[in-house]
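Chains as they are written, first to last, in our numbering: chain A, 371 to 873; chain B, 371 to 873; chain C, 5 to 165; chain D, 5 to 165.
Each hint should be verified, as a subset may be incorrect.
If you want the footprint, here are the derived chain D segments under chain A, 3+ residues with CB under 8 Å [said to hold, decoys possible]:
| hint | region |
| --- | --- |
| 1 | 37-46 |
| 2 | 154-163 |
Pairwise CB distance ranges, derived in the manner of DEER restraints [said to hold, decoys possible]:
| hint | chain 1 | residue 1 | chain 2 | residue 2 | range |
| --- | --- | --- | --- | --- | --- |
| 3 | B | Arg623 | D | Val154 | 45 to 51 Å |
| 4 | C | Arg150 | A | Tyr522 | 47 to 53 Å |
| 5 | C | Arg15 | B | Ala468 | 57 to 63 Å |
| 6 | D | Gly65 | B | Arg623 | 58 to 64 Å |
| 7 | D | Asp33 | C | Glu6 | 57 to 63 Å |
| 8 | C | Arg15 | A | Pro798 | 50 to 56 Å |
| 9 | B | Ala649 | D | Arg143 | 43 to 49 Å |
| 10 | B | Gly497 | A | Ser764 | 34 to 40 Å |
| 11 | B | Glu573 | D | Arg143 | 36 to 42 Å |
| 12 | D | Gly65 | A | Gly687 | 55 to 61 Å |
| 13 | B | Arg623 | D | Glu163 | 30 to 36 Å |
| 14 | B | Glu573 | A | Ser764 | 55 to 61 Å |
| 15 | C | Ala74 | B | Arg651 | 38 to 44 Å |
Note that these hints are calculated values from the structure, not bench results. Quick caveat: nothing in here was measured; it's all calculated off a predicted structure. For every residue, glycine included, the Cβ atom is placed at its ideal position computed from N, Cα and C.
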Amino acid sequence: MFSKLLVANRGEIAVRIIRACQELGIRTVAVYSEADAHALHTLLADEAYPIGPPPPTESYLRGDRLVEVALATGCEAVHPGYGFLAENAAFAEAVEAAGLTFVGPPAEAIRLMGDKVAARALMARAGVPVVPGYDGEGEVEAFLEAARALGYPVLVKAAGGGGGRGMRVVASEADLPAALEAARREARSAFGNGRVYLEKFLERPRHVEFQVLADRHGHVVHLFERECSVQRRHQKIIEESPSPLLDEELRRRMGEAAVAAAHAVGYVNAGTVEFLVDAERRFYFLEMNTRLQVEHPVTELVVGVDLVKAQLAVAAGEPLPFAQEELSQRGHAIECRIYAEDPARGFLPATGRVARAVEPAGPWVRVDAGITTGDEITYYYDPLIAKLIVWGESRDDALRRMAWALDRYILLGVTTNIAFLREVVRHPAFRRGEVTTDFVARHFAGWQPPQEEVPDEVLIAAALADQLGGASPADDHHPANSTGAGDPFSPWAVADSFRPGGR
Amino acid sequence: MFSKLLVANRGEIAVRIIRACQELGIRTVAVYSEADAHALHTLLADEAYPIGPPPPTESYLRGDRLVEVALATGCEAVHPGYGFLAENAAFAEAVEAAGLTFVGPPAEAIRLMGDKVAARALMARAGVPVVPGYDGEGEVEAFLEAARALGYPVLVKAAGGGGGRGMRVVASEADLPAALEAARREARSAFGNGRVYLEKFLERPRHVEFQVLADRHGHVVHLFERECSVQRRHQKIIEESPSPLLDEELRRRMGEAAVAAAHAVGYVNAGTVEFLVDAERRFYFLEMNTRLQVEHPVTELVVGVDLVKAQLAVAAGEPLPFAQEELSQRGHAIECRIYAEDPARGFLPATGRVARAVEPAGPWVRVDAGITTGDEITYYYDPLIAKLIVWGESRDDALRRMAWALDRYILLGVTTNIAFLREVVRHPAFRRGEVTTDFVARHFAGWQPPQEEVPDEVLIAAALADQLGGASPADDHHPANSTGAGDPFSPWAVADSFRPGGR
Amino acid sequence: MELHYEVNGIRHAVRVEPSEDGYQVTVGDRTYVVRARQREEGVIDLTIGTRRLRAHVVAEGPRRLVALDATTYALERVRPGGRRRRLGAEHTGRLEAQMPGHVVAVLVEEGQEVEAGQTLVVLEAMKMELRVVAPVAGRVRALRCRPGDVVERGERLVELE
Amino acid sequence: MELHYEVNGIRHAVRVEPSEDGYQVTVGDRTYVVRARQREEGVIDLTIGTRRLRAHVVAEGPRRLVALDATTYALERVRPGGRRRRLGAEHTGRLEAQMPGHVVAVLVEEGQEVEAGQTLVVLEAMKMELRVVAPVAGRVRALRCRPGDVVERGERLVELE
């Protein structure tokens, strides 16, 4: 096993990786941008180094600097987490070229799966069903003809996109030429690759993905599925395992397809094969994520495997410690992503300082958090505050536990989606497992937080906190500078002139 | 299911029961002694009622008051937790006589298993092996003769005792008459029952217990074993599951014996059959605990069953939702009991105010705590602060995780056994699974906490906290009275005259 | 002592009087006997009648954020008799940044004619992409941003005429 | 500013000087550049060189309890030039209560002759039973406790002669 590893990421996933390394006795090196100088991951790692200004392009996406830091600090491996450089083939190559181990798949597998058009072709050859579409490089005429054959609506997608980015629905032939043109322009600007392709638009599909794990010795297993259909802005907010949709037979067939996909691309390490499942329970390869997923914990709790430790073991050359038939699902796990965002305003990201974070704690309740009391949420990075994950003996049990935990999650100072999630997990359609990717749009369009009368108890609490001087002063960072501002005993500023605690 | 339940207990187990009820939508009523007016369980329950002064005999042992409160508040059931009245047959009867459901076994099963002599006889009849001994009511001569046949050393035990209480080892015949006399006198005084019996003293046995669960419809299953050999003062401090000692065959035979024991006594609800296993891997019935155990979480994590919810379901008349063959063990779980006690002074209980409690958090780390920041630990009750439980894919994995978690458990203000536990889980014999009930005495006799030089970092932290005024004032309760003492903005008292934050 | 809070534009007066074993608190015409205990900074345990509650309270200037029973409330402490603070006007124009972020792409030039619905600027923040589109057909009078710019919410990005 | 702490009878002087971007702290003859940030009450994040640490610090009168890196330290803040506090004498007599608790049973009477090792009193606290035994043979001169009494650690229970 490695003795020292660089964590090329931030937030909750950096914290998750550092913790796994701590248990295994692997020393960790964190990197941080100027915006993250006080972030949790810098504190937990054994060492932490600044790598640049806040914009990712000047810090977390600077592969050259990351390799430099890894070499300078004597690291043997680099874990990319998810996002940032996790699916960047050139970075994986640079890491390996520097004599370090990249905790992830071979660069070639990343590159292949990163080109959505090439991936579709490869999967089709490997016998994995793909969504009917048109991947040609022809002129507009060829696209029009293909779209006619597929039937409208169709999706125009960017070959360099993924995860819902750079995707548009086209309802009729008249709109297609303009849509292609705009999509190409935007794809070029956003991904540096203007190629686009067509896919048949599936009506209200389910998003079901399979976790795979492969070692360097040719063994590939899958760790069953995750149902990720509850999405907003094409991004997942609730994930669960098992999927309420799958039966044993469909689970087996999809699992086999996922393993075949991994074999076809020479996959090593942890990866996820995403499928769409239509109303007739036909499944189609959507894309493969060549990295750890945000939602990996639901699999961990149901299958009983620590995926981060498994990644490290596989990267170190160890063979998988289990065969497919030794793996099984037990109970049910659900994850809710706690975002700094405003569900009542189109889920727009929110920023600010977390004045107080109190995570729920209890049996079978897990919180993977990267943000704690006192942290700033800036607009530079993903607004994910934490992942709340619960396990239960059954789906009902897990749902009750999730409702319990969401009710006890306290986050003051930033707008979050917690109130929204509370209603989703209590929604009858969700409770029945009737989730499709349009679930949020169907059931929560125009959602507004309940506007309740303020209960007397709240006014009493505020008044007594003022009376006792007991509210935490959120806007005082207690900086350890040499002025008096760091003295928490000076009353925090209030707009009017009364002194807290005075009578 | 019940709609409202009285929790006839305090501390972590009261909190555990309340949480399970919250998830199930059962309203809860807490009771508290004067010493517990601000305890966590009173805060979490829907209602809380005082039941008397601090001594248990005047509060938590006042079964009459508990039934009164349950009836007055419209409860349908009473959960006794462990300790206090949990194994009091008269209380179980009083609860049922009042028309309430006792969440536990029938009074008759409690009574039978509470008389250790009667229980031994019953088990022997049911074909469950018992430790060779003498249960007769004869004179000293008969005891002498029996002891001669057993061979010295022998144990003199109180029929009304249990859990290691009222037990003494006698090494030679000369000492037996005096020991019997003294044991009878003490047993009469301590348990109100002077009857004593003899057992062969097993050299360095293992303590292995089986969790059983029985419904009102005659179904009994076991949920496998817990290894509880690491003890001090005959009380467990570390428990794990599976036992490193058992193989499949011994596990199967012991499990069957546990189920037979439960059947023999007409058992219903959760219970534990305790066995001793000698060096030749022979097992003997020791006693049956007719209640939930402190260490139930290790079973929960390995078997995937919520035992408190199962207790409630069974008490409500539901049949067990699983058959024996559907239950299995996955991975490995370990529990460390975090006590307010001084391992360097004979594990004597410690008291005081918890100035700060920060529990470790991370994947597969669970803390069942009844004490949080600001709570007082008094000498009236068990000094258990919390239970730290971890799960891992293997025993090694769980051990690493436990070491990780113990290193991150912060408890300031009271003496605890955390530093001691840290060394136990890292001890080579423990890591090899070589634990017998004399483990602590053999390996940790005369243990003293490491006396390290204070690192400069600690002095720097103290100095900067004083400089910034940033240490929490532990001795200030912030009482909400009408004097100025509740103002946290007044500097906390220091012995000398400098002002924190001043220069 | 009387304290005043404003929530959603409504003002609430809370009178707090020390009493034998805690406080007598009056909200509107309702009076409560309350015991309070500050467990740690920002955490207050209340006993109101037979109910026990834990509230988390944070002060941000005159704002009070209170978390109680699964809900978060934002109160504003106001002076007795004082006036409400005016809320900043909401920016709703479609040519302004709807969120803070950075400009990924500017797809038009000054002087260019655009159609209604045409994408003018692509913003990105925290993995989210937002397109700023023309609400009506028109001509781009001025561009107020360039690719790579960091913009605040409400900032004007494009002027149409 | 110089602060003084005593740990295990040894005195440490810590000099803290504000500097450009934090503090210069001198402990003995070692000087550190330190940045500190109080995250919440009692929690201080330190950067000492390239090391980052989180310390939990609690003050109990002049005592400072510090948790750092899996270990807890008890320091006593002392006045510059001041004298050490005298520690209370340890009670070690075997006829005194070794822990606070209550008296379960008194097994002897006044005037009774007892043997060395004989149990005189049974104490119980927090599920633990402790026997107070005679260290030598002798006669019970006086009993200072009765069943049900609550006793403090160090309290004398029995007098032998």
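task: Please name the hints from earlier in the document that this structure breaks, with their numbers sorted from lowest to highest.
output: 2, 4, 5, 8, 13, 14 and 15
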